[in-house]
Structures are given as C-alpha cells and as structure tokens.
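**Q** Listed below, chain by chain, are the residues.
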Amino acid sequence: MNVNLKYFASIREAIGQGGESLNTQATTLKALREELIARGGAYAGALAQGRAVRMALNQNLCDESAVLSEGCEVAFFPPVTGG
Amino acid sequence: MAFTVSIQTQDFDVSQELAALRAGDARVGAVCSFLGTVRERNDGSAVASMELEHYPGMTEKSIAVMMDEAQKRFDIYAARVIHRVGLLHPEDQIVFVAVTSAHRGESFKACEFLMDYLKTQAPFWKKEVTPEGARWVDARVSDDQALARWGIEASNSAAK
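From first to last, the protein sequence lines are chains A and B. Take 39 as the starting number for the first sequence in our numbering and just add one per residue. Take 35 as the starting number for the second sequence in our numbering and just add one per residue.
Next comes chain A alone, as it looks inside the complex (with noise of 0.2 Å):
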C-alpha cells in the first residue's frame, strides 16, 4: 500500500527530508519503523528502537501496534516541546 511519511524536528534534519511517498509492504506501525531502519544509515539511526521516537497514524498519537491503511499519513517526531 502506498503511504505518505513525515519527518519532524531532529528526525527531519537526521533524515534529510520532511517526509516522503513509500509504497510498503508493512501493515504496521512497527513494522514500517522497521522497514525505514532497514534502510540503515540515517534511518537506521534517526528510528532506532530504544530511541525517544513518537509516532502518529492520521495525525492522531499512536503506539506501534496501529494499523495501516492505503493512503494514510505516518508522522516520526521526537518527544514534543511546546508550550
């Protein structure tokens, strides 16, 4: 299925980019963080597990075990700090 990917703060300046199209495999939150390791380099340090590293499916805050679905937006950022 065909996924839109973002990147936020220190994940995006790690990666290089502010997101992306993929089309994966994955049918998982975890499983596509695992996908984007994989990858190694920046990815691979950037999402790391063991890392603070947050995630949101249709900008909602989710846990790795949420679902995906065609055409959805993934979003990797580090723990927020506004206010």
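Each hint should be verified, as a subset may be incorrect.
When the alpha-carbon atoms are kept at most 25 Å apart in a straight line, the in silico DSS-like pairs for lysine-lysine are as follows [unchecked claim]:
{"id": "1", "chain 1": "A", "residue 1": "68", "chain 2": "B", "residue 2": "143"}
{"id": "2", "chain 1": "A", "residue 1": "68", "chain 2": "B", "residue 2": "95"}
{"id": "3", "chain 1": "B", "residue 1": "143", "chain 2": "B", "residue 2": "106"}
{"id": "4", "chain 1": "B", "residue 1": "143", "chain 2": "B", "residue 2": "161"}
The set of hints was computed from the structure by calculation and includes no laboratory data.
Here the structure of chain A is known, so what remains is to put chain B in place on it, guided by the hints.
**A** This is chain B only, laid out in the frame that chain A set:
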C-alpha cells in the same frame, strides 16, 4: 467566541484577546489566562533565540481534542489558545491560553489543564540557539507528571 485555536508566526495582543473572548457573554464572571514567554536561560545556557516547529494539521487537531476534553471536565463558556511558531527571542510571547466561566474555580482549573495537556500532547518542537550551538530542547518528566494529576497518563518524556 467559543473555542478557538490559532497557530501563527505573528505576535498577539493579550488585552484584545481577553476582551474578544468574553465579548457579548454576560454569563461570564471569571476570565483566567496563562501567557508563556521565552526565557533568556534554559538548562544552564543563555538562549539567544529559538525556532519553533510544529506539525500543521495535527497541531490544530490535538488542541481541538484537548478543548473538547476541557469542556467535558469543567463548567466553562469559551477558550482561546494561541501558539506562535517560527523564530522567537527572549521576552517574546510564545503561548496564550484563556478561559471564561461564571466563577473563578472552573476557569482556573481549565486553564491549567489546557496548558498541562498542550505541553505533552501537541506536536511542537523547540530548537534553541545557545553559545554552545543550536540544540533541540528535551522533554521534561515534570510535564508528564503535571498531566497525570488530571488522570491522564502521558509518556512523552520517556526514554524510548
């Protein structure tokens, strides 16, 4: 004026915002507000400036959710949230939350609830420029603890 949120680069006038929030509503007997400003120091370093980034769309959505939650929990009439993004400097206004109610207790509580919620749930990120270089600000455990007082568990500051 009901419940509104603005994410903007430009500054805002607190007096005008407070006047607009209660205009035409004679039920209101209390207006409570919080104004957050840029400090000149953070975590031991001088802050020359900061850049605020956000997630357009999700930001507005998450703040709308927290306003809905505030309406369920407190007897309030209206609320206004303004959060600035982009380049800011010490003494600049960053965030404004204001709430109206019949008596002070409800708007005091709702105002604090909204700020506690925003701190750990709304997708904003601060990057500070200090003499040691630019750095992303770390999330604070105390902000998760502040939200926990309202019975909402947050793990924004968790190490993974």
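**Q** For each hint, tell me whether it holds in the structure or not.
**A** Hint check:
For the hint pairing residue 68/A with residue 143/B, the CA-to-CA distance comes to about 37 Å; that exceeds 25 Å, so the pair is violated. Distance restraint check for residue 68/A and residue 95/B: the Cα-Cα separation of roughly 24 Å lies within the 25 Å cut-off, and the hinted pair is therefore satisfied. This hinted pair checks out: residue 143/B and residue 106/B have alpha carbons roughly 13 Å apart, not beyond 25 Å. Distance restraint check for residue 143/B and residue 161/B: the Cα-Cα separation of roughly 30 Å exceeds the 25 Å cut-off, and the hinted pair is therefore not satisfied.
The structure fails to meet hints 1, 4 from the earlier list, while all remaining hints are met.
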